[in-house]
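> Now for the letters of each chain:
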Amino acid sequence: MRVVVVGHGMAATRFVEELTGNSAGVEVTVLGGEPRGSYNRVLLTSVLAGDYPRDGIWTHDAGWYRDRGVTVRDGIQVTGIDRAASLVTGADGSRFGYDRLVLATGGVPNVPPVAGLRADRSGGLLAGCHTFQTLADCEALLADARHARRAVVVGGGVLGLEVARALSERGPTVRVVHRSGALMDAQLDPDGAAVLRRTVDELGIGCHLSTVARAVAGRDRVTGVVLDSGSTLDCDLLVVACGIKPDTALATGAELATRRGVLVDDAMRSVTDQRVLAIGDCAEHRGRAYGLVEPAFEQAAVAARTVLAGAPGRYSGSRTVTRLKARGVELASMGEVAPEPYDEDGVEVVKLIDPARGRYVKLVIRNGRLVGAVALGDADVAASVTVAYDRRSILPPDRVRLLSGGEQPGTDPADLSDATAVCRCNAVTAGQIRTSAGRGARSVAAVARETKATTGCGSCRSAVAALLAARPAQRAAPNRRRCTLSDDRCDEERVPGGRT
Amino acid sequence: MGKTVTATHCPYCSLQCGMELVASPAGIQVRGRDFPVNNGGLCKKGWTAADLLRGDRLTTPLVRWQRDGPLRPASFPAAIDAAATRIRATQQKYGRNAVGVFGGGGLTNEKCYLLGKFARVALRTKNIDYNGRFCMSSAAAAAQRAFGVDRGLPFPLADIAETGLVVLVGSNVAETMPPAMQWLARQRAAGGELIVIDPRRTATAEGADLHLQPVPGTDLALAAGLLHLLVADGGVDDDFVAARTTGFGEVRRLAAAWWPERVERVSGVAAGRLREAARRLREAPTAMILTARGAEQHSHGTDTASGWINLALARGLPGRAYSGYGTLTGQGNGQGGREHGQKSDQLPGYRRLADPAHRAHMAAVWGIEPGDLPEPGPSAYELLGALGSDVQTLLVAGSNPVVSAPRAARVEAGLRALNSLIVCDVVLSETAALADVVFPVTQWAEESGTMTNLEGRVLLRRRATAPPPRVRTDLTVLSTLAGRLGVARGFPDDPREVFDELRAASAGGVADYSGITWERIEAEDGVFWPCPAPDHPGTPRMFADDFPTPDGRARFQPVEPAFPAEQPDDAYPLWLTTGRLPGQYQSGAQTRRISRLCGRVPRVEVHPSLAAALALAHGETARIVSRRGSAEFAVSVSDAIRADTVFVPFHWGGTARANSLTDPALDPTSGMPGFKACAVRLEKPEKPEKYEEGTG
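Going down the list, the protein sequences come from chains A and B. The first sequence lines up with residues 1159 to 1658 when you count with this note's numbering. The second sequence lines up with residues 9 to 704 when you count with this note's numbering.
A couple of the hints might just be wrong.
Stretch by stretch, here's where chain A covers chain B in the computed footprint (C-beta under 8 Å, at least three residues) [claimed, not checked]:
hint: 1; segment: 180 to 190
hint: 2; segment: 253 to 265
hint: 3; segment: 575 to 588
hint: 4; segment: 616 to 622
Which chain A residues face chain B? A few, computed with CB under 8 Å, are given here [what the hints assert, rightly or not]:
hint: 5; residue: N1198
hint: 6; residue: L1201
hint: 7; residue: P1211
hint: 8; residue: G1214
hint: 9; residue: H1218
hint: 10; residue: D1219
hint: 11; residue: V1479
hint: 12; residue: K1483
hint: 13; residue: A1540
hint: 14; residue: V1545
hint: 15; residue: R1550
hint: 16; residue: R1582
hint: 17; residue: T1613
hint: 18; residue: G1614
What the hints contain is simulated information worked out from the structure, not anything from laboratory work. Glycine included, C-beta positions come from ideal geometry on N, C-alpha and C.
Looking at chain B on its own, in the form it has when it is part of the complex:
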């Protein structure tokens, strides 16, 4: 037997690096592939991705026939029957909205689309949302209200190499999306500068020209302070502001109240360093301001992203060559995942469920009456909060909320309180382990479909190997289940057929895919949306002439600095912030199963001064306690973290679950929880402490 080579993409993050899978009788091997985001480079998650195919994964449907019984292997038809029976029972007893759907930002565009359609058309429930709410929803909402559109980067990633200054706010590119560092390296080699804003001196910050190390949750004050200094030193691009924006007057007045010394007091960033950052921003010929989860995952995350967009607009960056604002999306299909209708308030093509015209368009595509479409439902955290009450059956696809949701202990309790839980996943995640019906589904190398990366580039994932015999695609699960629920038409399971329907559905929408075909994607190294016609070249760079707002202008947002609702006090004197490690990915359901990936011990990063004050030694176990719960981590002493802040990764469940601690206070606009800052204390776990959920 010879080798077959399949050109596809990495299963993990939003870069979607190009890779080749070489299949031979010996198995599948990963090779780098020249693709415009990675130029053949991969990080170690990518190099070891083929291990996902042989490792600890689900190979058969599982059904829990009695409530407290074990999960037992079942045939696919038997599992479909079990799921359909449970869905019908809940619908009959509690109504259609009692069946909820929870999706994920790692699903292909086709799966996201069909999942949304399944909820609205087959289940006819308003209760659908997805884990992207816990990811980039704040930046998405901020971009939407400023630019009239949300595309993570409005320019190709490679443009970063050409810009004079990159300001990274709450992003650790070097460790979370390492192959992207080549663009920063080229930019630096060409004389460009880098400013990193992060409470940790991350690997990314270590290489920066200037690192601002603020108190967690104070990024908006920093943005206001920088705008203040632009105003002070003539750094505002008055011509751009006058010609291409609205609302600057009020924003300028708000910024007047954030003089550097005031910002210093709340952020801990010395006024002189803020001035240094403002000077670099003012003097750079071209500049990009890029935010990520560190700035966005707060209960005021949307306003924070708006604050940085305001700064970019004041400097005249958006729409200029090698300049602009962007957000570094996290999940593999975080971008596509928020465009095709698995969000509670959204329909495909980035249409809005509350808009009558948009409802009418989608109803026509789906062959139903607009009135049959449900109304917008609650956002993810609220949906998860309704488990066991308003929602009695939940279908989860491509998400592991037991680990990834804030106040995860309560989410876990909610999942246990359900009448029934149905999970589609590749592995037996912590969430799948609680399910009544588990469908093993194909993973990246076993399926085809489109993904949209952080640049808004639609690309093609290709099947390189056959899945185990009892494993189906999510599309087949949804299609078969819809049929069993009496909706036989409109749920194809061929990804190409679904993509063609998605194209038609998105036509005329903000995220217009109608001109994109698989053939074009292959021929052109992906196609950037919007692409409204087959002969349209796609849109690598946005905003050169206007913004997709009613008057064509970008809109400044009058945002006032706000701070995390929970501030340290004597009982919980430290800030906790969370993030990712290079060797792990999201809830770790995949990466924790790969022995070649390191970082398998969950650690809390503690400053030497704090470790000394608490008499904690490197390697020792520490318990972290917040008002929501507690968790245990091995201490890693590091001077890379602020002395008043501790850092934990969120890849683990069980006793090292970071989200047992995090603050579920929600952003009023995006529904984003306050993952990145809450108050905790650190103690030695000598005296086991009984913690009761709901106290404090």
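Looking at chain A on its own, in the form it has when it is part of the complex:
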């Protein structure tokens, strides 16, 4: 069977991994639009920020494809699909016959119609102006940013903020222009966006909200952005980060049904032609075009099953979590975030708003399960809430427990509860040591003779000494937890909060 993959991004690469990992006898050809092969696009903002080496983002080398018998043509512009002839044609006149065609064409940046942004009729951007989608974009921006002093990012969504933060780490002062009154309005509720704005401000990134760029100033190179308020932001670098739209040009040309993206069924097949599949950013499944990498991976796996197996794979949609990758901003957003307290019966909404510390946590709960959340400013909460959402975990009845992270306070040995094991080797508790001291043991050696504490690894010696030094304490408890008793409470247990 001949499988042709158009696109060589993360979805396409994962598809090839899944396909070749499970079968031989499939003849795979990958046609990549970018010149240098497949890389982890997700890491581009990290490369921009200087957090990841540029040469480290590649997914596979040529040998990997060779070992799997996969033909790769990078830097080829696919111009058309002839579905009747089962052929894909390239701009250079090359033709590729297929039995199954997989469209993984990804997305293209939205470029709003701002006066002066396009340098010429061919659509190229004015010098100093960039989009941010490909490695080439990233490299061009990096080269430009080296000398830039003032940058403006148009777009205050996920990509815009990641790029803004990455640039600010490189040196230029950065300002963000956002059409909405709230940053990341697609992922955040108004309170969350307000706290985020403070956080972003504190990182030295200025936000201009509820405003759009009306024009770009500068003849040969950008010198500023004129806002619709009339004011001008001077800048020598401009990044347009107004989202990505699915690249459906090929599909449309081949008369495959599209809306936002290429319409696919649960097996990732085009609803128009079962021999054509679409995955990743270019696909639209049950009304959703995700634009995120995890759904793309899941779709790639399903598509591989569909291509290989007699029975088509089944994709029922992804649970998505947006996790901002910007140093100094810990933000995760997932599921339904819009409901507010009192909005509707049957939905619980719990919020922690702490702008002074840049903290915001919102939980949306239905039927005892987390169906949406925002966690900002607390990395541990972001992590635990994400798992609870992804796994539909049982939630604590006291929801407050979900709002704070897992730091444990250190304990002075003298404050240990009687039930706490001090000598792990011999399961001797603080209570037993106090009792021993109460009976006259005045030295670590004396306690050791009586209880065997410190006679294993000896690492509890200082704790035992601290307990002895804390005498006379009123705390000395009766020796009710001596480990030789057939107490049903074994001594290695830990009871929280001093409950015994």
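Once you have looked at the hints, place chain B on chain A.
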């Protein structure tokens, strides 16, 4: 009568702490002994070990003369006859492979060796394996493919005190091998750091500089994420990678796809904490990465261990002073137990049964034709799955699979379905209780032999007291049984004679013992293998110059993070993980019989939030239900466990048998079952629920 003092080792874990047994008319007393792993310290299992000698133990052979009759005392010759008759009957009716052998990682090297030889030469069956598959087989396989050799620690335990950073992955040293904590304590006192990775805030984690508390079964993603961050921040030792390893390019590319936020989503470990761990690893002048069962006992355990080895290699740790990768072996002779041929695919000296040259070597030592050696057989769980079908008679030595095997209810049913079960054990374990013939065997203080501890140090266990009159060593049982089966030669029962044969058999192998003698062990506080000649000093530290691979380089393994096959869902919304308690050991067959050891009530550790959500109170009984079965435990409310995970110890049988619940999905390389993560629900046992094996 005066006192006699015998220098020997603790009967329990892989540390094999030195102890003295003081015999007097009043009985045997335990004293600490200065030995390089414990410096005289012992944990409470060690201090109370002498109770094993007086307690509830077997003193006479037992035979079940009628199928549903009781076990009755019998003389040793009568029991040997009964066993031989049953073995012959099965062989005649079903063939040689219908007799299986199941060994253990607590047996001495001599017993492991003779048991393997008994299976291959006397029984001529391919069906032999052992409980080490349920222990450290994943780390063993990973070390083998990376370094060309598997020795738990490639350095002495004491080196831990000198390292800058210890990363413990899925190990609770403080509670499972307490005397080893002294080395960590010294390391910390000298300014060293400790990172612990464990879903529970164990006693070990409590004292760490950094504790990462991941979702069970996600350790490989953490390792990939840490490697990603090493690449990101220039933490890779490029010179080491270039000079001493192969395969980094592919591993580096795989790690690129595991950025911290992606790792966070699957592991629940905050990206910031992962970065903190990576920073410590990058900045530490020397570092050791040590894995244990928490990381290894998964159906992707070998890959997980490989992920941590990859990280160690990228950082340039293996072979450097006070640095490296190691696994903290569990069972007393877990190391030696996997070297001498009781593994289904292995011959003594860590030779491979599938390798023609290795077969020829062993056949020559044993005086048989290479063609007479059986082919490699199935791994432990598959062997236990064949009970009652392909395997009709099973000989068990030093193992209690009724409690310790995954999906234990099915294993128990298999044992009951056998034509005959023969068990050698010290006590009437849950497995022995099902047997048709039970041989009471000597225990640690009643026998001599060698053990190999977690450092690869071969040491000597010495007899301090005589066993009860009808109790024999496993060696005598095997020797006598072999004779009764018509193989009169080649089965000595003197441990020294067996050790000398083992030395010759291992010569030239990876785990070469040929230069080790009892005298040297006594004189040198043990000898580290490989030790290929009497004048060879042994090898405390490995890999300084090269790795025992064909090209001398360590091999990165391109492993992709995988996750437990069984994930929580609405019907089984919690993760279950299992482990050990300080006062118990393995299946508890020994420790549950010692009244001075605490923790005799099996408990499930439940986070306060979860307990509140399920309205379970501390001390109340809860039923845990998985797709395999159910078990009941007393609730112990503890904030040391993740709120989405419950923890149970696996020391008990009966209704508190953790392995009624665990997932038997096997690691494709090591045959390790997924003990450490499966999906369960927790309920109040008000409505008794009938559970049918095999559903779900």
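> All hints are to be evaluated individually against the structure, with a verdict given for each.
Cross-check of the supplied hints:
no.	hint	in the structure
1	180 to 190	holds (count 7)
2	253 to 265	holds (count 6)
3	575 to 588	holds (count 6)
4	616 to 622	holds (count 6)
5	N1198	5 Å, holds
6	L1201	6 Å, holds
7	P1211	7 Å, holds
8	G1214	5 Å, holds
9	H1218	6 Å, holds
10	D1219	7 Å, holds
11	V1479	6 Å, holds
12	K1483	6 Å, holds
13	A1540	6 Å, holds
14	V1545	4 Å, holds
15	R1550	7 Å, holds
16	R1582	5 Å, holds
17	T1613	6 Å, holds
18	G1614	5 Å, holds
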